[in-house]
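**Student:** These are the residues of each chain, in order.
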Amino acid sequence: MKKATVIFCIVFAITLGLSGAVMAKGSVKVGIVLPTTGSLAKFGEIERDAFLMAQEEINAAGGINGLKLELLIEDTTGRPEVGRSVVEKLITKDKVVMIGGGYSSSVTYATAGVCQQNNMPFLVNTGSADKITTSGWTWIYRLNPPVSKYASAVESLLTQVIKPKTVAILHENSLFGTKGAKKFDKTCKKLGFKVVLKEGYEHGGIDFKPVLTRVKQKNPDIVYMISYIMDASLLMKQAKELKLTPKMFIGGAAGFTMPEFKENAGVASNYVISATLWHQVLPFPGAMEFYKKFKARFNKSVDYHGAEAYAACYVIADVLKRAKSFKNTDIKAALDATDMMTVFGPVKFTTWGKMKNQNKAATYVVQWIDGKLELVWPKEHATKQFQYPIDWLKVWGY
Amino acid sequence: MDVFIQTIVSGILIGGIYSMIGIGMTLIMGVMGIINLAHGQLMMVAMYITFVMAHFFHVDPYLSLLVAMPALFLLGAFIQKTLLNPLIKVESILPENQVLMTVGIGMVLTEIARFIFSSDYKTVKTSYSSSAIFIGKISFNVPMCIAFGFALFFTALLFWFLLKTDLGRSIRATAQDSEAATLMGINSSRITVITFGIGSALVAAAGVLLMPIFYLFPDIGGAFTLKAFVITILGGLGSTVGAIVGGIVLGVAESLGATYIGMGYKEMVGFVIFVLVLIFLPGGLKRLTKI
Amino acid sequence: MQKKTIFWGVLAVVALAFPLVIRSPYYQHLVIISLMWVIIGSSWNLLAGYTGQVSFGHAIFFGVGAYTAGLFPIHLGLSAWWGMLTGGIVSMLVALFVGWVCFRLRGPYFALATLAGGEIVRLIATNWESLTEGMVGILIIQTFKSKLPYYYIVLVLAVACILVIERIMKSKWGYYFVSIREDQDAAESMGINTTLYKNISLLVSAFFTGMAGAFYMNYMAFIDPEVVFSLHFISIMAILVGIVGGVATIWGPAVGAFIMVGLQETFRSSFFGLAPKWISQAHALAFGLLVIFVIMYLPNGIVGDWATIKRLVFRTRRTAG
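Chains as they are written, first to last, in the numbering used here: chain A, 158 to 555; chain B, 196 to 486; chain C, 707 to 1027.
Keep in mind the hints are simulated off the structure, nothing from the lab. All residues carry an ideal CB built from backbone N, CA and C; glycine is no exception. There's no promise every hint is true.
Straight-line C-alpha distance at most 25 Å; calculated PhoX-like pairs for lysine-lysine [to be verified]: (1) C/Lys851 <-> A/Lys186; (2) B/Lys332 <-> A/Lys400; (3) A/Lys457 <-> B/Lys317; (4) A/Lys529 <-> B/Lys317; (5) B/Lys317 <-> A/Lys452; (6) B/Lys284 <-> C/Lys1016.
Partial chain C-side listing against chain B, Cβ under 10 Å, derived [claimed, not checked]: (7) Ala866; (8) Ile998; (9) Met1002.
To give a feel for the contact side, a few chain B residues facing chain C, derived at Cβ under 8 Å [what the hints assert, rightly or not]: (10) Lys284; (11) Val285; (12) Ser287; (13) Glu291; (14) Val298; (15) Glu306; (16) Ile311; (17) Leu357; (18) Asp361; (19) Val447; (20) Phe466.
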């Protein structure tokens, strides 16, 4: 009798679990993988909100040829191995037709492997390691530029305006930071700038003064930093404390464009420039409206991360509308044929250099001027004149 | 030369805060002989108290010491009384049950913080957060200097308490030989409760002092728990002077490592020292200084 | 006796037939991960539960095993399956060094030293980019698309691990291990070479943990230092698996592994989508509360205190009926 009860319980539990897999009718399911908990949750939440906003708009406008677009947003917790099992679950249990999202290089890289193996179309919108589109994978498409191209607008600014002789590079020890620093190091050598110091650090340190002191001793013309928000603010605050005054401080996207950077670094954030992938003033249809709508709804300003997610959702909808059926090969064909305009700019997946299915997106330079993130480069889109040269000690109130 | 001096100065200043974290740990380890794996998490709680005080009531972080320290004393005493002391009576195979219990407590504290405050980074901004005084070319961060001063003050206070008061003497007696102390009429379970409370209050002070300089998120504790171990082992169990010296040695070693070996290896310096001390100087600096 | 044979027979059939009956790769994946944790938990238990040397650094052996496997494809162009032969052995070599350093210390000091060791190895793997690729990690393409081969490989490993540990514990070695745990000085005075037997226990433990690491590399096909050398998600998880299931019992870690992996996934997926989304945030909280509960009321774990549980359940049933 007791045994029977136990067996019944097991069977019941299994059927309960399996019943979750029953598909809802009248909708098309797309899996979105984002870190909504864990240390990267900040970025994941922004992208989730942008995805949900786009989903609502798309469904209000008729959905996917009459079917509802259903986004299954799954939490990767920012860990690659969790990301892999999440994707596996989306493919095998939820039977999604394609996958989107992908924040942080390492998680995206690891999950893209699963998608490639399962012939599952995956539209990456933020994960930026070059490897994601240079591994020869055919099922992986990327909306955002690879990390090696993040600094291309900065490059032209450097060669045309600042013309530095010496460069110091600081980066966090992550896939994004290490690769970005390596690439920038190469670029500097190519352009004839001398790299006097290149140093990685563990995320989450309190005291960056030892390394900043060394930077100060080398007296470089520019300091290039690839950091997430809190490290970015501490680096600038401590540079201020040490009176470290290069010609320019440059951030390599990520932390330096977030509103939190300004809030935490305070006066030390003034006139710092950063590479970025998007700005609301860019002449893309809907960019400004998206920015305003997001701000009104979530009461926070949105940077390139949100724009990428929002645009990705529209690309996904467009692809699914055009696809002959929801079979993976048909979706792939539709992805290949993508040629559309989004808030993030034109989107088209092509093969160039070592890259496969990579969208060519432009990059820009922004500068914190009077507490606002202004687009300063390239000149034709600029909202404010690029502030240079700068008397840092005066800016910092010494 | 400036690089070297600046490195040493930064190391000593950060060492002051490390010492504060270490003192609480060394006291708990010395008296109860258990590793408190929730030490950093207790600090995190204190930091959130400071954050709430500053953010909602606009109280200066340093004034929050008056709230955070008593609050953490009570929390620490509560943990010891209701969760750790009862374990002594529970029969189990592993003697490390109390240690494993602190792992669970740490997880619960972290997750409760995440529930209330989310994973967002929080900071307390003050007008003096990144102000610095210059002596020659060397920069001294003001909040770090203040923290250093507080660290010295609290150590002196603790030292006086342990040497001159009855309660302090009872704590030292329990640390030396808890059975003998019990025979002498000391209520050792009460002593452990008080000690855990004092240890928690001290790490709370460290958290409050760190707040103007650093930032805060629920997972911040773990890294500091590890630092506290290194300091405790370096200084010797139960040695307050050892903890101060250990904290400063760790701060300076990390700074030197960051400057001359590489920023990426900074954390490793501490662990290497830790293992070296465990092997070559078991008992820590206490063995050299005898206090 | 009869009853026991039937029980084991049924268990064997269930284990062998499981992936043929439950075809969903998602559930197969969960069981594969659980079996991997059975190996790690049982290995940890041999060293901590039976020999009394509580390790907070089993990620060292797991990570070294995983990296041994991962280095074959990136440096030698060979399959990562070579790691299944060598991962355990390389882990044992590392364990020799770890033992040489850490066995000078006792009790909490040993625990701390292993904890520091884990962090040191993680930082080395992060910074030594020419060997390990650093934070880029190692990604391979899985050999099999189906989960069946992985399932049977890990099943064989888990069964082998449990059988070996059971054999050891029934032998003279097992007796020495327990006597070291109970009273190291007494064991020493009885002429037991405690250092030798602690090292034997550590080596066996490291071997199986390393094998689990090598399996992880082959199965998950991606590793980076923060994944495989994680203090929280490997070292501490190994301890949780051990104590929840029951230290110093053969089947405790096995039960603990299934409970912990199941619980983790249940919470992460908000009870398979049945509960509100915020529940998924609570999985670590549930872990913490479970640990506190188990230590307070079931200090020897679910298997170790099975008699107590049974008695309590029966009593409540009787009063209810």
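**Student:** Mind listing which of the numbered hints don't hold for this structure, in increasing order?
**Tutor:** 7, 10, 16, 17, 18 and 19
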